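Each chain, letter by letter, is given below.
2 protein chains.
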Amino acid sequence: MSTVFQFQDWVIAHSQRAESALDRLLDSEKTIPHRLHEAMRYAAQGGGKRIRPLLVYAAGQLGNSINEQADQEKNAALDAAAVAIECIHAYSLVHDDLPCMDDDDLRRGRPTVHKAFDEATALLVGDALQTRAFEILANAKCDANIRLAMISALAAASGSRGMAGGQAIDLESVGKKLDLDGLKQMHAMKTGALLSCATALGGIAAGLSPAQMTQLLVYSEALGLAFQVVDDVLDATADSQTLGKTAGKDAAANKPTYVTLMGLDYAQKQAKTLQETASASLKEFGSKSAALKDLALLVVNRAK
Amino acid sequence: MSTVFQFQDWVIAHSQRAESALDRLLDSEKTIPHRLHEAMRYAAQGGGKRIRPLLVYAAGQLGNSINEQADQEKNAALDAAAVAIECIHAYSLVHDDLPCMDDDDLRRGRPTVHKAFDEATALLVGDALQTRAFEILANAKCDANIRLAMISALAAASGSRGMAGGQAIDLESVGKKLDLDGLKQMHAMKTGALLSCATALGGIAAGLSPAQMTQLLVYSEALGLAFQVVDDVLDATADSQTLGKTAGKDAAANKPTYVTLMGLDYAQKQAKTLQETASASLKEFGSKSAALKDLALLVVNRAK
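Respectively, the protein sequence lines represent chains A and B.
Just so you know, we're using the working numbering here: the first sequence kicks off at -11 and counts up by one.
Just so you know, we're using the working numbering here: the second sequence kicks off at -11 and counts up by one.
Bound-form chain A, shown alone (with noise of 0.2 Å):
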C-alpha cells in the first residue's frame, strides 16, 4: 500500500517537473512568430500521460550520486532530455494527425492542431517541435559527450530507422495482412524506438556503464512492446471519450493489430508477463529500480 502511494507521489512530482521543464524551454508565445509558439505550445503542453519524460526521470535515478557539480549536471540533462523526447513526440503526434495521414480531429480530448490552428502551421509546428527538440540537447548544460550520446540516440530512434520509419512501414501496411513478427517490426519502429529511448537518454544522463545500459535496454523493449499491445487492446475495449482520440480507428481501417492477430485474452496475457519480464531485468539496480518497475506497472494497467 504504501509502495503504490510512493509512486503517486512519485509520478506528480515528476510530471510536474517536466511540464515546468516544459515550459522553460519552449519558446515562448511572446516570440515573433507569435501564432507558431502558441501553436507549439498547443501543441506540447496539451496534457498527456508525459510516459517518455517520466522514462527519462526514473532511469536517471538508476546511477549513483558522486557530488553536487555531476548532480547538477545530471539534473539539466534529464531536464533537456524530457523536454526533447516530448517535443518529438508531440511532432509526431501532430504530424501524424494530419489529413494526409490518420486525418483526426481529436487528441487528448482537444481538437488537433490542424483543426485548432490550420493544416500548414500543424505542418510547420511539428516540423519547428524536431527542431527544438535538438536545439535543447545541444544547449544542455552538461558535459559535451554526454548532450552528443543524447542527440545521436533520440536521432537513431525518431528518424528513417526509426519512429519515421515505422510510419512509412505502417502506412503500406494498411489493407495487407501482416504477420505477428512484422507486426512486432513495425511497432518496434515506430513506438518502440522512442520508448525505449527515453529510457536511454536517463541512463546516458545517469553515466550508466554499457553492460548497465543493455540491461535498461531490455526493460524497454519489453516495455515498448507492452505499450502498444495494451494500445490495442483499448483501441479495441474503451471509447473515445475514455481514450481522449478516436477508438477503433484500427479496425475501421483494416489494419493488423495484436488483438486481431493473438485474440483479445492473449494479448492482455502476454501484455503482463511482459511487464514481469521488464522488472526482472533490472534486479541488479535494487530499490533504485523501483520507479522503473512501477512505470512498467503503469503502462500495462493504464484504461487510457
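Each hint should be verified, as a subset may be incorrect.
Identical chains blur together in the list; that is why a pair holds if it fits in one copy or across any two.
Derived lysine-lysine pairs resembling DSS-like cross-links, with alpha carbons at most 25 Å apart [to be verified]:
id: 1; residue 1: K164; residue 2: K18
id: 2; residue 1: K103; residue 2: K164
id: 3; residue 1: K260; residue 2: K276
id: 4; residue 1: K129; residue 2: K271
id: 5; residue 1: K237; residue 2: K172
id: 6; residue 1: K164; residue 2: K260
id: 7; residue 1: K243; residue 2: K164
id: 8; residue 1: K271; residue 2: K164
id: 9; residue 1: K18; residue 2: K165
id: 10; residue 1: K172; residue 2: K18
id: 11; residue 1: K165; residue 2: K37
id: 12; residue 1: K165; residue 2: K271
id: 13; residue 1: K292; residue 2: K164
id: 14; residue 1: K276; residue 2: K164
id: 15; residue 1: K292; residue 2: K276
Keep in mind that the hints were calculated from the coordinates and are not lab data.
Quick caveat: nothing in here was measured; it's all calculated off a predicted structure.
Following the hints, position chain B against chain A.
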C-alpha cells in the same frame, strides 16, 4: 579570365564533393523501409545548385592549416555540415511543396516528392531528412565542441526563430501589405538564416575566431538578402522551364516581393550593391576568401 576559370573548377570539384558526401551519408535504398529511403534520396539528390554546401566549403577555406590530423577533422566536419544543411534545405522544399503549403507540382524540373510518391510519404521524407541532418552532425568524426556548435547553429537557423518561423510569417503575409522592413525580416528568417548558417558552419569547422565569425556574418547577411532579391527578380522575369519551378507564383498569390516594393530596376541594382558589401566584408581574409567572393557573384548573376 583565369580567375573565372579556376572558380568554375572549384565549383565543379566541390559540387562533386557534396554529391559524394550526400551519397555516403544518406541511408541506402536497400535499408528498410526501402520506399522511404528511396524518396529521401529523390528529395536530396535531385540536383539543385548546392549553394549551401558550396558556402560551407568556401567558408571552410578561411581558416589556417595546422597539421594533417586537424585538416582531416576539418574535412570531416565540412562534409557533415554540407550534407546536414542540404538535408535541412531539402526537407524544407519537400514540406513547402505540399498541398497545404505552396501546392507545387514541379521542383528542380522534376515532379515534387508528393507527386512522385504520395503526400504521407513526402511528410515523412521531410521529417526524416531533418532528423538525419542532426544525426550526421552528432556523429561527425571531429571535436565534440565543434559538433555541438554546428548542431546548435543549424537548429537556431532552421527552427521557429529561423527558417520555419519565416515560413509561418510568410503564410500570414499572403494578401497583406508587408512593408519593406517586414519583407526583409520575413526573408531574413525564411531563407537568410539558413544561408548564413552555411557559412557559419564552415567557419566553425575551420576554427575561426569570434571576430572572424562576425566578418563572415556581414558577408552572409548581405548574401542572403541578395539571394532573395534575385529570386524575386527571376520570379518576375524568367519562365518556369528556365527556373525548373513554377514562375510568377508570388505575383499570382498577391505576395509582396522586392520587385513589387522596389521596382525591377532598383531591385537589380540593390542585388549588385549587396554583392559588393558581401565581398568587402572579407577583405582581411585575402586570397583565402576568393571562393566566397565568387559565390556572391554567382548568386547575383544566376539565371535560375
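Do the hints match the structure? See the list:
1. K164 / K18: between (47 Å within a copy, 21 Å between copies)
2. K103 / K164: between (30 Å within a copy, 23 Å between copies)
3. K260 / K276: within (22 Å within a copy, 65 Å between copies)
4. K129 / K271: neither (31 Å within a copy, 37 Å between copies)
5. K237 / K172: Within one copy, since 19 Å is at most 25 Å while 46 Å is not.
6. K164 / K260: neither (28 Å within a copy, 58 Å between copies)
7. K243 / K164: Result: close within a single copy only, 8 Å intra versus 45 Å inter.
8. K271 / K164: neither (40 Å within a copy, 63 Å between copies)
9. K18 / K165: Result: close only across copies, 23 Å inter versus 49 Å intra.
10. K172 / K18: Classified as between: cross-chain Cα gap 20 Å, same-chain 43 Å, threshold 25 Å.
11. K165 / K37: neither (31 Å within a copy, 44 Å between copies)
12. K165 / K271: neither (38 Å within a copy, 65 Å between copies)
13. K292 / K164: neither (27 Å within a copy, 44 Å between copies)
14. K276 / K164: This pair counts as neither: shortest intra-copy Cα distance 44 Å, inter-copy 58 Å.
15. K292 / K276: Cα proximity of K292 and K276: none, with 27 Å in one copy and 62 Å across.
Comparing the model with each earlier hint shows violations of hints 4, 6, 8, 11, 12, 13, 14, 15; every other hint is respected.
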